[in-house]
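Chains A and B are the protein sequences, given in the same order. Start counting at 1 in the first sequence, then tack on 964, and there's your number in this note's numbering. Start counting at 1 in the second sequence, then tack on 497, and there's your number in this note's numbering.
It cannot be assumed that every hint is accurate.
Anything over 10 angstroms on all C-beta distances counts as not near chain B; from chain A, calculated [what the hints assert, rightly or not]:
1) Leu1142
2) Leu1150
3) Met1169
4) His1201
Ranges between beta-carbon positions, derived for each pair [unchecked claim]:
5) Pro1175/A x Val579/B: 41 to 47 angstroms
6) Gln659/B x Ser974/A: 55 to 61 angstroms
7) Ile610/B x Phe1001/A: 29 to 35 angstroms
8) Ser768/B x Ala993/A: 44 to 50 angstroms
9) Gln659/B x Ala1105/A: 47 to 53 angstroms
10) Pro1175/A x Pro794/B: 15 to 21 angstroms
11) Glu1244/A x Pro567/B: 34 to 40 angstroms
12) Ser1164/A x Asn719/B: 31 to 37 angstroms
13) Ile610/B x Leu989/A: 40 to 46 angstroms
14) Arg662/B x Arg1079/A: 35 to 41 angstroms
15) Ser974/A x Ile610/B: 41 to 47 angstroms
16) Tyr1253/A x Leu680/B: 42 to 48 angstroms
17) Arg1079/A x Leu623/B: 48 to 54 angstroms
Simulated from the structure, these hints should not be mistaken for laboratory data. Think of the CB as a built atom: it goes at the ideal place given N, C-alpha and C, for glycine as much as any other residue.
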Amino acid sequence: MLKSASLRFSVSTGVALLLLLALALVPVAAEVFDDPFLLTLFTRIVILALAAVSLNLILGYGGMVSFGHAAFIGVGGYAIGILAKHEIYAAWIQWPVALLMSALFALLIGLLSLRTRGIFFIMITLALSQLVYYLANGAYAYGGDDGLTILKRSDFGGLISLSDRPSFYYLCWALLALSLYLTHRLVNSRFGMVLRGAKSNDRRMAAIGFPVLRYRLTAFVIAGTVCGLAGVLLANHTDFVSPAMIHWTRSGDLIVMVVLGGMGSLFGPLFGAVGYLALEEILSSYTEYWKLLFGPLLVLVILFARGGIDGALGRGHGGILLGIIGGFFLLHGVHLYYDDAWAVPAALLMGAVGLVGLMQWLRLRKARKAGETP
Amino acid sequence: MTLLIFEQFLNGLQIGLLLFLLAAGLTLVFGIMDMVNLAHGSLYMMGAYFAAVFVQWTDSFILGAILALPAGMLLGVATEYVALRNLYARDHLDQVLATFGLILFFNEFARLIFGAGGMAIELPELLAGQIEILPGLPYPTYRFAIIAMGLLCAGFLYLLVQKTRLGMLIRAGASNREMVGALGVDIKLLFTLVFGLGSALAALAGLMSGPISTVQIGMGDNVLILCFVVIVIGGLGSIRGAFVAAVLVGVLETMGRAFLPNILGSFLNPSEAGTLAQALSSMLVYILMSGVLVLRPAGLFPAPGR
Chain A
965 MLKSASLRFS VSTGVALLLL LALALVPVAA EVFDDPFLLT LFTRIVILAL
1015 AAVSLNLILG YGGMVSFGHA AFIGVGGYAI GILAKHEIYA AWIQWPVALL
1065 MSALFALLIG LLSLRTRGIF FIMITLALSQ LVYYLANGAY AYGGDDGLTI
1115 LKRSDFGGLI SLSDRPSFYY LCWALLALSL YLTHRLVNSR FGMVLRGAKS
1165 NDRRMAAIGF PVLRYRLTAF VIAGTVCGLA GVLLANHTDF VSPAMIHWTR
1215 SGDLIVMVVL GGMGSLFGPL FGAVGYLALE EILSSYTEYW KLLFGPLLVL
1265 VILFARGGID GALGRGHGGI LLGIIGGFFL LHGVHLYYDD AWAVPAALLM
1315 GAVGLVGLMQ WLRLRKARKA GETP
Chain B
498 MTLLIFEQFL NGLQIGLLLF LLAAGLTLVF GIMDMVNLAH GSLYMMGAYF
548 AAVFVQWTDS FILGAILALP AGMLLGVATE YVALRNLYAR DHLDQVLATF
598 GLILFFNEFA RLIFGAGGMA IELPELLAGQ IEILPGLPYP TYRFAIIAMG
648 LLCAGFLYLL VQKTRLGMLI RAGASNREMV GALGVDIKLL FTLVFGLGSA
698 LAALAGLMSG PISTVQIGMG DNVLILCFVV IVIGGLGSIR GAFVAAVLVG
748 VLETMGRAFL PNILGSFLNP SEAGTLAQAL SSMLVYILMS GVLVLRPAGL
798 FPAPGR
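Isolated chain A (complex conformation) (with noise of 0.2 angstroms):
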């Protein structure tokens, strides 16, 4: 069955747009705290969540896993720095080139992969983005495994200029913004409704009359393309471009994005991508090991909060969910300004807010089961 994936004003709706204008406020926030690893941090973030989104096209509403979306990342990137390393910096020709790039990349890869299903599609795009990645390390011109120094970013001929670091977010934080709008308005129009509908019966749309694989291949094509762009402003980003960001696990990475977020929801990658990545800076501020407790929440995550982020909200467990996220903040900032001695206090302190959370979400779990069975 078909969710109706309008932009009503749900709760999701709203905290997702006071997240869009918080993030819109972050290059301020580092000018006031004076705090540059802020704006750093944060147009990582948003440019993640842009590649989230083109991955939640085809994973959320098309139900194809593809576990090799790095592979895009990477030849947007490499496309950059390829072009950078023959002292081609004008945007105008390295911007559509890498884009032209990624689209073919994204036809090719899916002409091969879109044959199989399931677990078989998981695991060509994943060996094809091996391929991309082993490609990239034995680039001997372009710095093979060591990676590729970009000495300049895209040019965009005093339109913008990149390199300074708060317009460089706003183009990001703006084309985030843009593939929101275009997915909201993809996923609602009559392609988007045969892929979603390929999704849940490919059979059936196919006896109605629709060519599935098509209609797949476009939507493949289309996440690559801005896969790719997502690849073209890391470039520009970190200045660099190497395999490591092509490696399997970062395709995971993308994947966890999305899912923690909330798969096949308009705003899922964006809360999945800036909770991810916030987490990971925050637990790593307390143990080198943050992983050790990375690992086991996303176990818990799939196996009882299915959904993710987006469902919470939906659900109406908006509020316990940002209670932790406050309390977690709270005690962090606590953390922060003070010493390591508070950090028991308020491990304690957290526990204590999650252990309430999770009583309370047991109980409307509980009221809710009780009102499903007459």
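The hints should help you fit chain B onto chain A, whose structure is shown.
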């Protein structure tokens, strides 16, 4: 030249058999439980770490290896019991993600417990030397031991799956899970047993590869992908397919690595040819897989019933 080719073939066989040990567990788990387990590579890594620690403790390679196997198996069974058991009924995406979380956990866990530096496993005197397998062709005893061990395991698995009652249940489970459960077989116990077997094989592969490459964090991540390539080429759920595909992949990669530099070297300068050849030989395997999937989407030896 023939000797060189033969030697490289043996190297490829050795890598292929190590891959087979890993892929066999993976394909069994997939075939019977329809479960994608990315954490299989972590079990391989943990097996290697267990072996490194136990060898240091006991000062004996054999004793350490004998201790590491049940340790790896126990870890696998514990992982299955705590986390994976709840995932069998879920779709592949959930399984991929949850086991991805387990990879993050295990990598970090190994870093916390064993340190970031990596460990080495010392070879016993007995296996450290070389033997002359053909006149004029000395070959490291240890690599020869790996080949022997791999073939032994393949034979053992063949007998287990084809000739025993447990094997019969495994095959039955692979072709129709519900029916086997309905006939009164404790399918959960069977799953746990199979998972334990797979973990032990992964640990064995880890400890065997320990002495020829360093035991380090993330050693399972890349080899895992190679294993998936193997089981996809071989046909999901098919042990025979996994064996053929593993040897094929191992030999192809080694041959590429050994001979491509010379071939490319005739028209490129040596260092460039080296890096390019390395990349190309890594890519060969994936190209093979794409080819197989395009021509035979279910793999070379598709398991019956799926």
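Hint by hint, here is what the structure shows:
{"no.": "1", "hint": "Leu1142", "in the structure": "holds (28 angstroms)"}
{"no.": "2", "hint": "Leu1150", "in the structure": "holds (22 angstroms)"}
{"no.": "3", "hint": "Met1169", "in the structure": "holds (19 angstroms)"}
{"no.": "4", "hint": "His1201", "in the structure": "holds (24 angstroms)"}
{"no.": "5", "hint": "Pro1175/A x Val579/B: 41 to 47 angstroms", "in the structure": "holds (45 angstroms)"}
{"no.": "6", "hint": "Gln659/B x Ser974/A: 55 to 61 angstroms", "in the structure": "holds (57 angstroms)"}
{"no.": "7", "hint": "Ile610/B x Phe1001/A: 29 to 35 angstroms", "in the structure": "holds (31 angstroms)"}
{"no.": "8", "hint": "Ser768/B x Ala993/A: 44 to 50 angstroms", "in the structure": "holds (49 angstroms)"}
{"no.": "9", "hint": "Gln659/B x Ala1105/A: 47 to 53 angstroms", "in the structure": "holds (52 angstroms)"}
{"no.": "10", "hint": "Pro1175/A x Pro794/B: 15 to 21 angstroms", "in the structure": "holds (20 angstroms)"}
{"no.": "11", "hint": "Glu1244/A x Pro567/B: 34 to 40 angstroms", "in the structure": "holds (36 angstroms)"}
{"no.": "12", "hint": "Ser1164/A x Asn719/B: 31 to 37 angstroms", "in the structure": "holds (36 angstroms)"}
{"no.": "13", "hint": "Ile610/B x Leu989/A: 40 to 46 angstroms", "in the structure": "holds (43 angstroms)"}
{"no.": "14", "hint": "Arg662/B x Arg1079/A: 35 to 41 angstroms", "in the structure": "holds (40 angstroms)"}
{"no.": "15", "hint": "Ser974/A x Ile610/B: 41 to 47 angstroms", "in the structure": "holds (45 angstroms)"}
{"no.": "16", "hint": "Tyr1253/A x Leu680/B: 42 to 48 angstroms", "in the structure": "holds (46 angstroms)"}
{"no.": "17", "hint": "Arg1079/A x Leu623/B: 48 to 54 angstroms", "in the structure": "holds (51 angstroms)"}
Violated hints are absent here; each numbered hint is respected by the structure.
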